[in-house]
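Undergrad: Sequence:
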Amino acid sequence: MRILKLAGTWTLQALLGALFVVLGVAKFSDPSWARKFAGWGYPDGFYMAVGVLEIAGGLMVIVPRVASYGAVVIVTVMVGAVLTHLVHGETHRLISPLMFLAIAAAVGWLRRMSAARPARTPKPEKAVI
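The sequence shown begins at 1 in the numbering used here and counts up one residue at a time.
One should not assume that every hint holds.
Distance windows between CB atoms, simulated [to be verified]:
(1) Met113 to Leu86: 29 to 39 Å
(2) Glu125 to Ala7: 39 to 49 Å
(3) Arg2 to Pro122: 12 to 22 Å
(4) Ile3 to Pro118: 27 to 37 Å
It should be emphasised that the hints constitute simulated quantities derived from the structure, not laboratory data.
Bear in mind the structure is a predicted one, so any value in this text is a computation, not a measurement.
For glycine and all other residues, C-beta sits at the position ideal for the given N, C-alpha and C.
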């Protein structure tokens with residue numbers, strides 16, 4: 001059972017990571033994204049910031065020690081996508097971001113125990129006078 005869970009986690013990580021790297025790169029190569037973001041009322045170049053976050057999240061989610069942090073990046077971007085579609089009455093476009101949000105949340109949950117954490121520094125001892 002443990003091997004199945006590990007294989008499933010790795011599969012989700014790989015698929016999610018590859019997808020978000022491709023989506024992020026598309027923000028830079030497809031001019032329709034600039035028009036879409038402008039139509040939604042976002043400032044010029046905001047689509048590029050989202051693309052960078054998608055690429056970073058996609059790369060991070062592949063590495064087990066930072067996968068949960070990458071998942072948080074992806075979840076945050078997807079929450080923004082869901083809210084954008086809701087505000088603009090595009091409920092027919094909600095399926096994809098909600099699905100990606102759920103997958104990213106699952107990866108973050110599954111990899112939470114292997115996340116890199118800052119090293120604890122020992123407290124200095126008090127001097128006895």
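Undergrad: Each hint needs a verdict: does it hold in this structure or not?
TA: Structure-based check of each hint:
no. : hint                        : verdict
1   : Met113 to Leu86: 29 to 39 Å : holds, 33 Å
2   : Glu125 to Ala7: 39 to 49 Å  : holds, 47 Å
3   : Arg2 to Pro122: 12 to 22 Å  : violated, 34 Å
4   : Ile3 to Pro118: 27 to 37 Å  : holds, 31 Å
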